[in-house]
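Undergrad: Below, each chain spelled out in residue letters.
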Amino acid sequence: MSDQAMAPGAGLAGAFTDDKAAQARYLAHQRHLLWRKRILPIVAIAGLIFLWWASVEAFDIKPFIAPSPVAVVQTIIAKFGLLMTNLLPTAIEAILGFILGNVAAILIATAFVQKKTMEEAFFPVAVMINTIPVVAKAPILVLLLGNGMEPKIAIAALICFFPTLVNMTRGLRDVNPQALELMKVLSASQSEIFFKIRVQNSLPYLFSALKIAASTAVIGAIVGEWIGSTNGIGALIIQATYNFDSPLLYATIAVGSTFSAAFFGVITYAERRILKWNVGRAV
Amino acid sequence: MTVQATAVRQMPPTPAAAPQTAGTAIDCRGITVRFTTERGTVTALQDVDLQVAAGSFITLLGPSGCGKSTLLRVVADLIEPTAGSLTVLGDKPSVARERRDIGFVFQDAALLPWRTALQNVTLPLEVGGGDKRPGNRDPRELLALVGLAGWEDAYPHELSGGMRQRVAIARALVSGPKLLMMDEPFGALDEITRDRLNEELLDVWAKTGVTILFVTHSIYEAAFLGQQVLLLAARPGRVRELVPVTLPEPRRLPVRETVEFVQLAGHLRRVLETC
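Heads up: the protein sequence lines correspond to chains X and A, in order. Those letters in the first sequence? Residues -12 to 270, by our numbering. Those letters in the second sequence? Residues 88 to 362, by our numbering.
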């Protein structure tokens, strides 16, 4: 019987010697690496903010050109209510657009994989729509869908759509050919092949796309609000710019970015939970 | 050394679980396979005749492009032959496949990375109506049979190459097939692991009574495992010689040091050089 064929405990006994001190050193080093990975980004951000504050102070930059980080923090605290009232519509638009765009992309990718004709006919159309810049799509959609949340949701959806379509099509299609031969040997039905092989295979690709979409959906909603909107992060950015209220402009941007990062974090967490088998290979 | 004194060939012990032990398992007559690509038509197999007795172990040896893997895929109903007739266990290959009489072990194990070892072995019972077949075996018992008790919940990326192939073998056996197609299953493994798995495969063969077709690039593997070695020549792929192996059974690795084995390997090598 081979060593590798034994139960894990029994197999490890031969391969590893018991050296408590070395083990402790190794674990301490691993903890050190983990903390370094957590702390370094915080130190870097704090350093950059300090540099920003120091430059504003040292060169006596006027607040309407670039506000000091202190002023931005003060604005966030003072106008917290205003910022949150404006974050709410943007968040709703981004999340609904995210869901709509990704669901549409997943369904169309499924259709593409099932019917090659569909892909040949409609993929070039998707590419063409994707080449139109967001700022050009926005007015068209406002004209089509009015002044409410709908055009913003549509822009967020459109911006999410393409990366997910491309990744999902690839994930559903690029299956190990031997896995497909295996399913044929097992006389599996088309739906069994789809759900047990293709869908599972596509999940890492899908999550890569969703992580991109999480931040671009927020951008889409904000760009949508630039055109004919009275509330939302995008509208607040425009108002603050026209009023030369740069502390408010920076505060608004900080709130929008924080939301975007949190959205990304949620998707990353979901990926870790759902793709346990892919942990370590996930980007 | 466990060389037996008798030269009489022994059939492997056949348990009650495998009723199909007598007769012909595979009957190929004039099998020809052609593929057409943009560079022209390739004849992968030309006029292949092969009769395989139930319960036997045949190794397929030949240079690259001789159609070894193609022949396996024709028998397993993965490729339709261009010409010729073929029966597997007395029926068309598709019928045998739908009955789950055929197990297939691929070159790179082809485990599904999102499934644990046990879930991979269970897959054949979940698809193609495989759950209610009388020949089904207990996946946990099969993992133990291939020496992986205790590894049920490990994901493929946590297993070594040899362990992955063991899982693939357990998966191929779970529906209780009468035929096992093995396409260079140990080709990517280191030599020590390969030797060990060769011996263990002979044990599995003896315990299950399954008929095995085994493709390999290794002369030694072909001679050690097979009751017969089917030598194929390339371009076009055709049968060159069916070499009987008269080494005593059950075989253990030291048999490779006997004069008989060395002479057999030498013969295989000389024929292979002209293929």
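A hint or two may mislead.
[What the hints assert, rightly or not] In silico SDA-like cross-links for lysine to any residue, where the CA-CA straight-line distance does not exceed 25 Å: (1) X:Lys171 x A:Gln315; (2) X:Lys171 x A:Asp114; (3) X:Lys49 x X:Val242; (4) X:Lys171 x A:Gly353; (5) X:Lys171 x A:Asn223.
[Said to hold, decoys possible] Rough simulated footprint, nothing fancy, chain A against chain X, three-plus residues with beta-carbon under 8 Å: (6) 61 to 72; (7) 176 to 183.
Hints were generated in silico from the structure; no laboratory data involved. Small disclaimer: the values here were computed from a predicted structure and weren't measured. Just so you know, even glycine gets a beta-carbon here, dropped at the ideal spot from N, CA and C.
Undergrad: All hints are to be evaluated individually against the structure, with a verdict given for each.
TA: These are the hints, each one checked on the structure:
1. X:Lys171 x A:Gln315: 28 Å, violated
2. X:Lys171 x A:Asp114: Distance of about 21 Å is within 25 Å: holds.
3. X:Lys49 x X:Val242: 23 Å, holds
4. X:Lys171 x A:Gly353: Between X:Lys171 and A:Gly353 the Cα gap is close to 39 Å, so the pair fails against 25 Å, i.e. violated.
5. X:Lys171 x A:Asn223: 18 Å, holds
6. 61 to 72: Violated, because only 0 residues of the region 61 to 72 of chain X bring their Cβ atoms closer than 8 Å to Cβ atoms of chain A.
7. 176 to 183: holds (count 3)
The structure is inconsistent with the numbered hints 1, 4, 6, although it conforms to all the rest.
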